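Each protein sequence line maps, in turn, to chains P and A. Take 1007 as the starting number for the first sequence in our numbering and just add one per residue. Take 1007 as the starting number for the second sequence in our numbering and just add one per residue.
Everything labelled a hint here was simulated from the structure, so no lab data went into it. These figures come from a predicted structure and were not determined experimentally. It is possible that some hints are incorrect.
No distinction is drawn between identical chains; accordingly, a pair holds when it is met within one copy or between any pair of copies.
[What the hints assert, rightly or not] List of simulated lysine to any residue pairs, SDA-like, C-alpha gap at most 25 angstroms:
1) Lys1191 with Asn1224
2) Lys1194 with Ile1222
3) Lys1191 with Ile1221
4) Lys1200 with Glu1166
5) Lys1040 with Lys1058
6) Lys1252 with Arg1310
7) Lys1011 with Lys1306
8) Lys1191 with Ile1222
9) Lys1305 with Glu1277
10) Lys1200 with Ser1266
11) Lys1275 with Arg1150
12) Lys1089 with Glu1184
13) Lys1252 with Asp1314
14) Lys1194 with Leu1060
15) Lys1306 with Arg1259
16) Lys1305 with Asp1263
17) Lys1198 with Arg1098
18) Lys1275 with Val1317
19) Lys1306 with Arg1273
20) Lys1137 with Thr1185
21) Lys1089 with Glu1140
22) Lys1252 with Glu1187
23) Lys1040 with Val1317
24) Lys1122 with Glu1187
25) Lys1089 with Glu1277
26) Lys1011 with Ala1299
The primary structure of each chain is shown beneath.
Number of protein chains: 2
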Amino acid sequence: MFREKIKVLDCTIRDGGLINGHDFDIRFVREVYKALSEAGIDYMEIGYKNSKRLFSPKEYGKWKFCEDEDIKRVIDGIESKTKIAVMVDVDRVDVDDVLPRKDSPVAMIRVASYVKDIDKAIYLVNHFADKGYETTVNIMAISRALDNELTECLDQLEKECKAGVIYIVDSFGALYQETTEFLVKKAKSILKSKEVGMHAHNNQQLAFGNTIEAIIHNANYVDGTVYGLGRAAGNCPLELILGFLKNPKFDIRPVLDLISKEFITLREKMEWGYIIPYAITGILDEHPRAAMALRNSAKKENYREFYDSLVGEVEE
Amino acid sequence: MFREKIKVLDCTIRDGGLINGHDFDIRFVREVYKALSEAGIDYMEIGYKNSKRLFSPKEYGKWKFCEDEDIKRVIDGIESKTKIAVMVDVDRVDVDDVLPRKDSPVAMIRVASYVKDIDKAIYLVNHFADKGYETTVNIMAISRALDNELTECLDQLEKECKAGVIYIVDSFGALYQETTEFLVKKAKSILKSKEVGMHAHNNQQLAFGNTIEAIIHNANYVDGTVYGLGRAAGNCPLELILGFLKNPKFDIRPVLDLISKEFITLREKMEWGYIIPYAITGILDEHPRAAMALRNSAKKENYREFYDSLVGEVEE
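Generate coordinates for the entire structure from the input sequences, incorporating the hints supplied.
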């Protein structure tokens, strides 16, 4: 018996873009969109809506900006019920770049925010909601949030924010099931009028387990990426979510095909997944930044020294 | 606050041996034993104790037989509190090959058994227990066990069997947290005089999550393997267990070193881990046999056809 309210959002291109400067070509993104559409995925997040005044299009690929024209080149001619989502970071978007919903191929805008920036996130969400978009707030680095500050943040979201969904984002891949359970229950208890979502990172191979845990405790929005593609250790593999969910509208086959045809060769060019330095930052509840730098150095397999360098940074 | 009763068993060489015919050289196995000893691991399972009348030493490596003399070559001269374990399969061991505990380097014998073979397993365990060994029964393919038969099996183990630990073995990597919780609670409710253990496979990236779930519900024996090495998708990564457990006797560093120095190159020669055909057999609660055959064929990346071939085998 399936829970119809569960929605699956694929963020392969958006989170994967954090590895390659958001530089996926149109052909590849179309293949992803086509497969997700056939698989019955509810949303596809295609990138960030960043201001070109802050970032140069010469340095980054098109999915750092997500111009409506580029999105149209991806979706044109493909039959689909999959809605397009884009992500926005606090302080990096020019709200005037965003057309009203009725004039844009985008259906959903997700605002990523740390707890400390929640006022700015609420301002953005309400602006986009007024323009007609479905909206979410994605609370990043939630494993580092102090409980009283998180309570205040959730209270504020419930009272002041028009977002339909509030996401728990395990940015560092540091959560275990018990912490996931605690956070989802806490969010559900405060956010009476909203849905709760889960975005997991896979540093400790717990992205799928934590996503299931969130579903058990009534999170209804879950993020996945094809073959787990995503920054550093990557995300919850979409194919595993599809294997788990029982809603007959989902079909795992197009995603299996997509992995066969596109992602096995991609993995030879881009690095993500279960790699020990990312496991270490997950265990230590740290941003993977240092591990990503290590993987680009000659010491990439020197795990003990890396571990010691992180646990050595102890301050009173 | 840690739970002192939790014991960690490493089965890298035993389960990894299922990939390479148990043919690891003495130098490599010594490196593993040295690292596990420094890391504070409680047990190291080194292979199977199979009868040489049933399997030819010409066809298999030494860890399919685990002669005491070979074990001594591994452990001699290494300071260690790590106890040696071997595994035995029903109908494949010659009990007269096993010396009394006091004359052997082996401390623990684990008997792997399907539910249907539990009478044979009990006979073997009681024989080895009488010879002075610590013993366990590992109930394989438990995701396929019918509930009434599993109840009878557990009742019998509680009443007739001298094993100190009964393991839940997720042979197919098919369990989710909820099924793991159900099985561990069920086992704990019947096995009043014994400990419960968890041996997980990683087909759906749930080996670590399910191991944590088992610990939450009071399983005190957990299996891991270095870098997840093991048949097909492999097992619960030992390094993640060490990152999770809080007992100060454990040290993750020697295992990190071991992975750096030995397992990165090993992975280039042996295949294990998150590979889509193994995910598919896990999702479908099937033995990975067909997926292992696929990986040795020209169609190794043809996932959709493989999936269809398995779900097509429907019989009334």
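Going through the hints against the structure:
no.	hint	in the structure
1	Lys1191 with Asn1224	both (8 angstroms within a copy, 23 angstroms between copies)
2	Lys1194 with Ile1222	both (12 angstroms within a copy, 23 angstroms between copies)
3	Lys1191 with Ile1221	both (11 angstroms within a copy, 21 angstroms between copies)
4	Lys1200 with Glu1166	within (12 angstroms within a copy, 54 angstroms between copies)
5	Lys1040 with Lys1058	neither (28 angstroms within a copy, 55 angstroms between copies)
6	Lys1252 with Arg1310	between (42 angstroms within a copy, 19 angstroms between copies)
7	Lys1011 with Lys1306	neither (43 angstroms within a copy, 36 angstroms between copies)
8	Lys1191 with Ile1222	both (10 angstroms within a copy, 18 angstroms between copies)
9	Lys1305 with Glu1277	both (16 angstroms within a copy, 24 angstroms between copies)
10	Lys1200 with Ser1266	neither (37 angstroms within a copy, 46 angstroms between copies)
11	Lys1275 with Arg1150	neither (32 angstroms within a copy, 39 angstroms between copies)
12	Lys1089 with Glu1184	neither (32 angstroms within a copy, 31 angstroms between copies)
13	Lys1252 with Asp1314	between (44 angstroms within a copy, 18 angstroms between copies)
14	Lys1194 with Leu1060	neither (36 angstroms within a copy, 59 angstroms between copies)
15	Lys1306 with Arg1259	between (36 angstroms within a copy, 16 angstroms between copies)
16	Lys1305 with Asp1263	between (36 angstroms within a copy, 13 angstroms between copies)
17	Lys1198 with Arg1098	neither (30 angstroms within a copy, 59 angstroms between copies)
18	Lys1275 with Val1317	neither (31 angstroms within a copy, 33 angstroms between copies)
19	Lys1306 with Arg1273	both (17 angstroms within a copy, 16 angstroms between copies)
20	Lys1137 with Thr1185	neither (36 angstroms within a copy, 45 angstroms between copies)
21	Lys1089 with Glu1140	within (10 angstroms within a copy, 58 angstroms between copies)
22	Lys1252 with Glu1187	both (22 angstroms within a copy, 20 angstroms between copies)
23	Lys1040 with Val1317	between (45 angstroms within a copy, 23 angstroms between copies)
24	Lys1122 with Glu1187	within (23 angstroms within a copy, 37 angstroms between copies)
25	Lys1089 with Glu1277	neither (28 angstroms within a copy, 38 angstroms between copies)
26	Lys1011 with Ala1299	neither (40 angstroms within a copy, 39 angstroms between copies)
Violation of the numbered hints given earlier is confined to hints 5, 7, 10, 11, 12, 14, 17, 18, 20, 25, 26; the remaining hints are satisfied by the structure.
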